[in-house]
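Here is what each chain is made of, one letter per residue.
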Amino acid sequence: MAPRRVRGAVCLAVVASLARSLSVGFASPGRRGVAASLASGLAGLLSVESTRAYDLPDLPYAYDALEPSIDKVTMEFHHDKHHLTYVTNINKALEGKTQPALVDLQKTAIKDGAAFRNSGGGAYNHNFFWLEMAPTGKGGKPSEKLGSAIDDSFGSMDDFKATFEAAGAPGARFGSGWVWLVVTDDKKLAITSTPNQDNPLMEGVEGTPGIPILGCDVWEHAYYLKYQYRRPDYIKAWWDVVNWDQVSAWYEDALGGKAPTADSTTSAASLIGARKTSANLNLKLGFEANARYGS
Amino acid sequence: MSFELPDLPYAYDALAPYMSSETLEFHHDKHHQAYVTKGNELLAGSGLEGKSLEEIVKASFGSNAPLFNNAGQHYNHIHFWKWMKKNGGGTSLPGAIASAIDSDLGGYDKFRADFIAAGMGQFGSGWAWLAVKDGKLAIMKTPNGENPLVHGAVPVLGCDVWEHSYYIDYRNARPKYLEAFVDNMVNWDYVLELYEAATK
Ligand SMILES: [Fe+2]
Ligand SMILES: [Fe+2]
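Residue numbers (the numbering used here), protein chains in the order written: chain A, 1 to 295; chain B, 1 to 200.
Read the hints as simulated data drawn from the structure, not as lab findings.
Be aware that a few hints might be false.
In silico DSSO-like pairs for lysine-lysine, Cα to Cα no more than 27 angstroms straight-line [stated by the list, open to error]:
| id | chain 1 | residue 1 | chain 2 | residue 2 |
| --- | --- | --- | --- | --- |
| 1 | B | K176 | A | K72 |
| 2 | A | K72 | B | K30 |
| 3 | A | K226 | B | K38 |
| 4 | B | K110 | A | K92 |
Reference listing, derived: stretches of chain B covered by chain A, where coverage requires no fewer than 3 residues with Cβ under 8 angstroms from a Cβ of chain A [said to hold, decoys possible]:
| id | stretch |
| --- | --- |
| 5 | 138-149 |
| 6 | 159-165 |
Glycine included, every Cβ here is placed at the ideal spot set by N, Cα and C.
When you get a sec, could you build the whole thing from the sequences and use the hints?
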C-alpha cells in the first residue's frame, strides 16, 4: 500500500513545481492553458499508476484527542479494526483491477454490489468521518457563508442541530447508518440519513442524494463503549468535535459540484483523488482562481 | 394487548463469560425496554391494538415501519432471552432437532458453519436465524428488526447480531460472539419446543 502514496507524492511534487513555475508571471489565458494541460496530463499519468490498494489513513489527531466526546478505546477499535476491515475488503474486491479514487467508487456502488456498497462505502465514509472531526475546541466554526446557509435552511444553528439529531435518533435511523448534511443538486442544504454504509453520493440511495459535507456515524460501534443505548447523548457530544473549518471548505467545494475526496490527510492524496477536476487542481496548486482549464 | 418486558429467565451473570452481566443489563433493561415503550406508544391508534404480538408483527410489516421495528424487536428479544441458558450450546442436541438438522441442513457441523456465516453476512444490524419453512429447517438472516415470520417462516432459534449484543464483550469480533452463542449459550430445549410447535 505504501508505494502508491510515495510514488504519488513524488509525482505530485513534480506536477506542482512545474505548474507553479509555468504559471508564475504569465497572465495570458494561453499560457495558463499550457500550464494546465501539462498539469492535467501529468495528473492523468497518476491515474494510470493508481492501481495500488487503498490505504487506511492515519487519524489526523491522537486517539484520545476527541475526549471526552469520543473516548480513546472507541477510536482505537473504530479506526484500527472497523475502518481497516472496510479498506481491506474493498481492496480484495478490486484486487488486480484499477483502483480509482475512493470517491469515484461511490456513485455506482449500490449497482456494483455489496463489496462496493458496504466496504467501498465504509472505507470512504470513515475517511470522511476522521477528517470532519477535530480535537475538542480546535474545530473552528462554520464559515460566514455556511453559517448563513444553515440559518436560511434551518432557522438557526440550534434548529439545524436539533433537526440533525432527530434524523439520527434511533427511531428515525433504526439500526446502523449515518446522518448527513448534504448540498443538493440545486445547491441547497439538506439533512438526510442512510442505512449501513450507504452515503448520499450513491445513486439510488435512500433519502436525499447530494454531496455530503458533514456526517455522523450512528452505528453502535461508534458510541457503544461510552454511551451504550444513549445514542442521542453521543450525537449531542459529537458537535464538540466537529471540524467546522473542514466542513466549511467542503461546502465551498460542494457548491462547485465537487465531492470531498476524503482520500487522506495529505494534500498529495487529496490531489490524487481530485485528478479528474482541473478546477480542483487549480485550487490545490495555487493557480488564479478565475482561470479556466479544459478537462 | 400492550407489550410488556419479560424478566430474564436467568440471573444477569448466568451467561458469563460468554455474555457479561453488563451486556445483559443494557440489552434487556434498556434496549428491550425501549422497544416495549416505543412499541406501546406506536401501537396506540394503529388499529392493531388487541391483536397478538405475532399478528402485529406481520400486519405492520411493510405498512407501519416504526411500529414494525419495535414490535419485531420485542418479539425477537422475548425469544432471544429464552434461546440462551447457562451451560448451553454444544453438540448434545435433543434427538428430534439433531435428526432434522441432519436431514435438512447437512448435519450439525454444516449447520454451525452456515448459521455463523449467516450472522457474519448480515451487514449492519440484524439477526441470524434457524427457522422452519415449508416444514423444513432453513438458515436465514434478516436486517434490523425483521424476522422469519414476515418471510413465510417460523423462527426456532435466533442470534441478535446488532452490535449492542456483543460490543462490550467482543468489540468488533462478531465471529467470536457467534461461535460462543452456538457453542456455549444455545438453549436447545427451547429450540425443540418451538420446532415441535412449528411442525406439528
Ligand atoms: Fe463506523
Ligand atoms: Fe438486541
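Given the hint that K110(B) pairs with K92(A), test it: the Cα-Cα distance must not exceed 27 angstroms. With a Cα-Cα distance of about 26 angstroms, the restraint between K110(B) and K92(A) holds, given a limit of 27 angstroms.
Within the assertion that chain A covers the stretch 159-165 of chain B, do at least three residues meet a Cβ-to-Cβ distance smaller than 8 angstroms? holds (count 3)
Are the Cα atoms of K72(A) and K30(B) separated by 27 angstroms or less? 24 angstroms, holds
Between K176(B) and K72(A), does the CA-CA distance stay at or below 27 angstroms? Between K176(B) and K72(A) the Cα gap is close to 23 angstroms, so the pair holds against 27 angstroms.
Check, residue by residue, whether the stretch 138-149 of chain B contains three or more positions whose beta-carbon lies closer than 8 angstroms to a beta-carbon of chain A, and give the verdict. Holds: 3 residues of the stretch 138-149 of chain B have a Cβ under 8 angstroms from chain A.
Please work out if K226(A) and K38(B) have their alpha carbons no farther apart than 27 angstroms. 23 angstroms, holds
Taken one by one, the earlier hints all hold for this structure without exception.
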